[in-house]
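Enquirer: Could you build the full structure based on these sequences and the hints that come with them?
Protein chains in written order, with UniProt numbering: chain H, 1 to 208; chain A, 1 to 208.
What the hints contain is simulated information worked out from the structure, not anything from laboratory work. The reader is advised that the hints may include incorrect statements.
If several chains are the same, the list does not tell them apart, and a pair holds so long as it fits within one copy or across any two.
Listed below are the simulated DSS-like cross-link pairs for lysine-lysine, each with C-alpha atoms no more than 27 Å apart in a straight line [unchecked claim]:
no.	residue 1	residue 2
1	K7	K174
2	K154	K166
3	K122	K71
4	K131	K7
5	K147	K166
6	K7	K122
7	K131	K72
Number of protein chains: 2
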Amino acid sequence: MPAVHHKLLLEDALQDSPQTRSLLSVFEEDSGNLTEYTNQLLQTLQRVFGAQSEMGLATEQLSRQLLDYEKKNFALGKGDEEVITTLQSFAKTVGELNSLHSGLANQMADSMVFPLIQFREKDLTEISTLKEIFGIATDEHEAAMVKYSRLPKKKENEKLKADMMKEVAYTRRKQHQASLQYYCALNALQYRKRVAMLEPMLGYTQAQ
Amino acid sequence: MPAVHHKLLLEDALQDSPQTRSLLSVFEEDSGNLTEYTNQLLQTLQRVFGAQSEMGLATEQLSRQLLDYEKKNFALGKGDEEVITTLQSFAKTVGELNSLHSGLANQMADSMVFPLIQFREKDLTEISTLKEIFGIATDEHEAAMVKYSRLPKKKENEKLKADMMKEVAYTRRKQHQASLQYYCALNALQYRKRVAMLEPMLGYTQAQ
Chain H
1 MPAVHHKLLL EDALQDSPQT RSLLSVFEED SGNLTEYTNQ LLQTLQRVFG AQSEMGLATE
61 QLSRQLLDYE KKNFALGKGD EEVITTLQSF AKTVGELNSL HSGLANQMAD SMVFPLIQFR
121 EKDLTEISTL KEIFGIATDE HEAAMVKYSR LPKKKENEKL KADMMKEVAY TRRKQHQASL
181 QYYCALNALQ YRKRVAMLEP MLGYTQAQ
Chain A
1 MPAVHHKLLL EDALQDSPQT RSLLSVFEED SGNLTEYTNQ LLQTLQRVFG AQSEMGLATE
61 QLSRQLLDYE KKNFALGKGD EEVITTLQSF AKTVGELNSL HSGLANQMAD SMVFPLIQFR
121 EKDLTEISTL KEIFGIATDE HEAAMVKYSR LPKKKENEKL KADMMKEVAY TRRKQHQASL
181 QYYCALNALQ YRKRVAMLEP MLGYTQAQ
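Expert: Here it is, written out as structure tokens:
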């Protein structure tokens, strides 16, 4: 593993040296790992949210069920009044717990699950889009270089040669631009990932 | 609906009058309704227990997941120490919540779900078994009566007639015994059902 700097220097993008490429691959490996971890964490957070949400629904059903006892109109209802009253007061308590559980589930959705979904959809997706654009630009530049190097050295080709040089320069500029954006995003990810990892847990703790 | 007494009188079992039969049918309707309600309530209580149990499992997974961040060994790990430490302390908090949730789930199983399962398996099943036995005894008694009434009135049949009378008396005694047990169980159910309905909710409230 190469010496780890914490930043891809934008001024290195133009030269695109093997050292820079090697550092880039470290950043790419890191963001790949982060994507994997984010997906796993998101699955777990959604499981926690799901359980909390189900708890709300289950207690809601229980509260209704307890009130249903009275509606059953038991043929031998005499002496049941006490049971009915007690079940009604239980239903009230369970109903209050239900509000608590449902509120907690909503808070979890908003401040625990949602921020991580946003991190995945916005930041991680941006990285993979920019990686793709950078890859295409690199391929195009290399193709232009190969075409240029294969030109016959004859004098009458000067016009064609000049056109090809322009193409090489153009694709090089495009690749340079793509790499600048890609480097920027990869650098930014290193800062954003800290917030992204901690924010859902702050939301969770706050909800409790 | 006939006037509702709260007790099937055992001394009425022998005479087995239409009035007693009618009162019996009220008790049977009541215990049928109670069985239906018990099954629904049990389903809901098991749903609540399931949600609580899933909450324990989900928080356990989350606690593990948070500790996994360190094991990911991110290539660009420098600066991550803070994130790792914070996630570890979150993992500890979540772990404590997990113990709470799991403990709560166990308490729910023991003092909320279990008593109602027992009521269903013991009391309600006893009623349906005794109802069946009573039905069979009634059928056998009626069959004996029919056979007896169809005996030819000739004098040489005296021996056969005496045997048939014994059979009628024997099946009548069996039916009487079955009805005594059945009445007893139906009467007892009226007392037990109150405890059976309230006990799981007391367990639930205690668990919270």
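Enquirer: The structure should be examined with respect to each hint, and the outcome stated for every one.
Expert: Verification of the supplied hints:
1. K7 <-> K174: The answer is within: 22 Å in one copy meets 27 Å, while 94 Å across copies does not.
2. K154 <-> K166: This pair counts as within: shortest intra-copy Cα distance 18 Å, inter-copy 131 Å.
3. K122 <-> K71: So K122 and K71 pass the 27 Å test across copies only (25 Å; inside, 52 Å).
4. K131 <-> K7: within (17 Å within a copy, 82 Å between copies)
5. K147 <-> K166: within (12 Å within a copy, 116 Å between copies)
6. K7 <-> K122: Within. Shortest intra-copy distance 21 Å satisfies the 27 Å Cα cut-off; inter-copy 71 Å does not.
7. K131 <-> K72: Cα proximity of K131 and K72: across copies only (22 Å, versus 65 Å in one copy).
Every hint from the earlier list agrees with this structure, and none is contradicted.
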